[in-house]
Amino acid sequence: MSDINWQKVETILDKALELPKDQRQEFIDEECKGKPKLKGEVTLLLDSIFDSEGWLENPEEYKRDMYDEMADDVQLLSSNQSLIDTKVGSYLIKEKIGEGGMGSVYLAKHSSADIDHKVAIKIIRSGKATQENIKRFKREQQILAGLHHPGIARMYDAGTTGDGSPYIIMEYVDGMPITDYCEKDKCTLQQKLELFTDVLQAVRHAHENLVIHRDLKPENILVDESGNIKILDFGISKLLENSDDTSLTKTGARLLTPRYAAPEQVRQENITTATDLYALGIVFYELIAGGHPFSFEDFSQYEMEQAILKQEAVKPSTKVAGSKAEKQLQGDLDAIALKAIRKESEHRYRMANEFLEDLKNYQNGIPVSAIEDSLRYRSQKFFKRHKQGIAVAAGILLFIFGLSGFYTWQIAQERDVAQLEAEKAEQVTDFLIDLFNQSNPYFEEIQGGLNAKIGPLLEYGTNQIDKELEDQAEVRAELKTVVGRIYSELGEFGKAETLLTASLELKKQLYQTRKIEIARSMSALAFLHQEQGNYSSAESLLVNSIHIFENSQNKFEDEEYFKVMRRFGNLLWFNKGEYEKADSVLQRTLKLRRKYSGSDKLGIAATLNDLATLNHAQGKYSQAAPFYRESIDIYQRIYNEHANLAIIMSNFSALLREKGNYDEAEKYQQQALEMHQNITGEESIDVALGLGNLGSIALGKNQLEKADSLLSEAVKKLKIIYSDLHPYISRTKLNIGRLYIKQQNYEKAESILLEVNNEYQKVFPPGHPRSSDPLLELGTLYLKTKKYEKSRTYLEKAHKIRVEGYPKESWRIAETMNTLGFCLSRMEKYQEADTLLNNSFKQLKNARGEKDPVTEMARSNLIDHYSRWGKPLLLEKFQSKTE
Amino acid sequence: MEKSGVTQLLVRLKKGEKGIYDKLYPLIYEELRGMAYTHMRRQSPDHTLSKTELVHETYLKLIDQSQIDFTDKSHFLAIASRCMRQILIDYARKKHAQKRGGKNKDITFIDEIFEKQNKKAQELLDIDAALRELEKLNERLSKVVEMRFFGEMTIEETAKALDISESTVKRDWMKARGWLYKELKGRFEIE
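Going line by line, the protein sequences match chains A and B.
When the first sequence is numbered by my numbering, its final residue is 883 and no position is left out of the sequence of numbers.
When the second sequence is numbered by my numbering, its final residue is 1191 and no position is left out of the sequence of numbers.
Don't read these hints as lab results, they were simulated from the structure.
As the structure is a computational prediction, the values presented were derived from the model and not from experiment.
Don't take every hint at face value.
Dumping the calculated SDA-like pairs for lysine to any residue here, alpha-carbon to alpha-carbon at most 20 Å [said to hold, decoys possible]:
1) 784(A) to 755(A)
2) 1182(B) to 626(A)
3) 1182(B) to 269(A)
4) 87(A) to 5(A)
5) 808(A) to 842(A)
6) 871(A) to 827(A)
7) 1136(B) to 269(A)
8) 716(A) to 172(A)
9) 1170(B) to 10(A)
10) 1170(B) to 786(A)
11) 591(A) to 604(A)
12) 15(A) to 1021(B)
13) 1185(B) to 51(A)
14) 1170(B) to 842(A)
15) 8(A) to 1029(B)
16) 1182(B) to 172(A)
17) 1182(B) to 871(A)
18) 786(A) to 746(A)
19) 1170(B) to 827(A)
20) 1170(B) to 51(A)
21) 1182(B) to 30(A)
22) 1185(B) to 604(A)
23) 37(A) to 1167(B)
24) 1170(B) to 59(A)
25) 1182(B) to 784(A)
26) 1185(B) to 626(A)
27) 1136(B) to 14(A)
28) 8(A) to 1071(B)
29) 15(A) to 1154(B)
30) 1185(B) to 8(A)
31) 39(A) to 1182(B)
32) 1185(B) to 46(A)
33) 1170(B) to 14(A)
34) 1185(B) to 647(A)
35) 343(A) to 62(A)
36) 787(A) to 806(A)
37) 591(A) to 643(A)
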């Protein structure tokens, strides 16, 4: 700016502003010829003038708040002492024990002399007690009063005083902040962990009751004289929120001293349970490292926020370097603390349970999840820097996880090779860590190079494999697979292929007597090709792999054989749409499994589930059902509860629901839900989805109120788990839209369906068959409201997507076709409608059978059509069938 | 100070007498500040601001209108606008410093809900700082903002006070607003 003459800018701007809009740019171009800086400044300013239209026109908004506060100051001065000895509820205020920005806290005693009960009363100074607010206040207060946990200070009552100030009566806690307590009592690490575990348990309880604290800090986490923890102010921030200020509801206001604020709070984004866990993470860090992860001393607001958003915290052990504690913190505790305060909420502990689990594992000497994540996290960071991104990292990690599963299995199965395999697994992992480590001597060079993204790193890796592992051919073979995998993720299929083939060749030399190893490698390669969408080559690799297995002696005792068969079967239908072939492969697998691996009942159950979903996906309900039933049966004989069992049961429930068999569907879903609740607790995705499924069933049963509350509950839970858009949330909202249609609440239906439709377009790729669902519902809605033109537009869109996305004979295509036909019939385009209605009816009969809710609907649509068209004979034909 | 006293000062200011501005300014400032503190005291939970803006109210209170013409009024309002800016900024600064320096007391989320004025306070401080920059480029632009925004003066009043045409005021306002917007964009949300 300094090198630009402001007067010149203004002169040009003045002239430009007097010209008609469309001539301005030309004028500026002319005036600033050869002076790009000047032109830039003028253009920017001109844009800003139009962007800022209306801004600053409302100064009273700025002033009002300031005046309010000035007035408060005056009021506060005059009324400071006056509340002592006044009665609030049935309590008498005794003394002031605290003062905050929001108001004051008083110690109060029960007003009748014979009840000795002390409470703390918070009187909110500047709350606005509108009718609406008081109602909300009451509602929230009921939820909070329901929080019963020894680690959470109780809320007894809340209301508004005579002069309209909201107040809250709470349990009186005489204690000191957890950090001060630990310092004063010189707590050992063990004691700190125990205290913190109590804190986490209390927070878990609140989260399970869908209450988020949002303001956790040591001052709110007290320890009393007997060493019990007590968390204050749970949910208060929500309680006090201004309902008419939506920006607050959504995001929480900007923070002033954000020592415990999570990045999403600084960015004013959605607050979830992970936000609380971040604050706890900071407290945890302070407890074990004796200081805050970021040194905020002398930081401005802006700098603090930037630190929260961008600065990586150092390991707690580094903070205490040189002291005795350093060794204790290294490794697990470092990893746990850092995981808890990750910038991205999805990389943090999302639920208190996960945090607790890791602490427990640490105390029992079991590996903690944070360590594993730390590798994942580091490699992700690396790839993020190199732009190629998450996909690559995710791919590698998937692969490592795949490997470790593979090895775990082998260790369990074959004791004699276990040692070798474990060594391989370890070296693979070490190699990768090394590759991603910044201390790698090549790292600088890699980062410095212009076009160097990840290529040189991998090339370096490839060379190292041959150089350093010359005498370890088996490990070499494994590593080539790993790096080959990375290349394929980078889209360098040629290099990937080279390495993977080399690996396969190596194995062919190495394992002449144990061809099975080769088969396994092929299967891994096939998985790769499947992921790349190269289905036919994946298929042929799997076929070859199966051949080797077929020729080996103990194939039927080898679990991998069945795994390859399963993969093959699922590839056939899932990726290639070859349902019949898939059916025969999976049927064969099932037969062999029944015959040879009779003791491995769970393997049989898994194959049964494959067959069930295969048939379910094709709408072959009568074939799918027995598979589901048997699979469930097997699981139930082995487990009372199992996550897989619950999933199979809810799949089956979905089938029953689609068939209109709501009572049985409800029974299965209810059981599945209870199982999930017992396994994961209330705050899990499966529980939320289970509630949503029950909601859809209630919807089918026309129990609209029940459906309403279940679906809303599901959405609420899902929103706590996922802070952003998510298909699960949108899908549940779609059902709420269906509910509104049933309630004939068309206005609400329209608004939610339009919203859902928008979301679907964001959460599904273009052309994804699911994206037709909200379109179909919108079409149906407009049919009901007799807006036929609009209806037709949506239905045609939906139908087109389905025709392109589903197999030809799918009933889903018939479904949209039928609704579209109905719409055209109402528009009196009878000929056109007739074809659509008849064809779709036939297709539905074939796919879903005669006795089926959707087929029935199609029939009644035909009847409606012929009676409007005035074709009594045809009408009779369909009516008679109904009887 | 008597009503007539202030009116007299204003008349003397018009005549170009030296040192009058420095006498007038603190008088208006004190009056305005007192009004802000007392007048706004909450009477009921749903209280709203009185319709008359404080700067104008001060004028009504301090000036005997029979002795004054429209140009004089505009001059008065211009001074009052400056006072207003000063009052608000002083207050915001004090408030801000309190939060910042308050000895290791964490004012976090909950407190903030009830003190969103602090956000506005920060915004005002930002606007004020940017205005001082703008003043270096073109003092008149900054004055127009002071009068229009802090003093809520009409276009006509602003034109009179600055002795420029109304269309110039309009254009100055646009330019100043655009410039401030450009400088402050991203600093806080602008509706």
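* Unsatisfied constraints (hint numbers, rising) -> Those not satisfied are hints 2, 3, 4, 7, 8, 10, 12, 14, 15, 16, 17, 19, 21, 22, 23, 25, 26, 28, 29, 30, 34, 35, 36 and 37.
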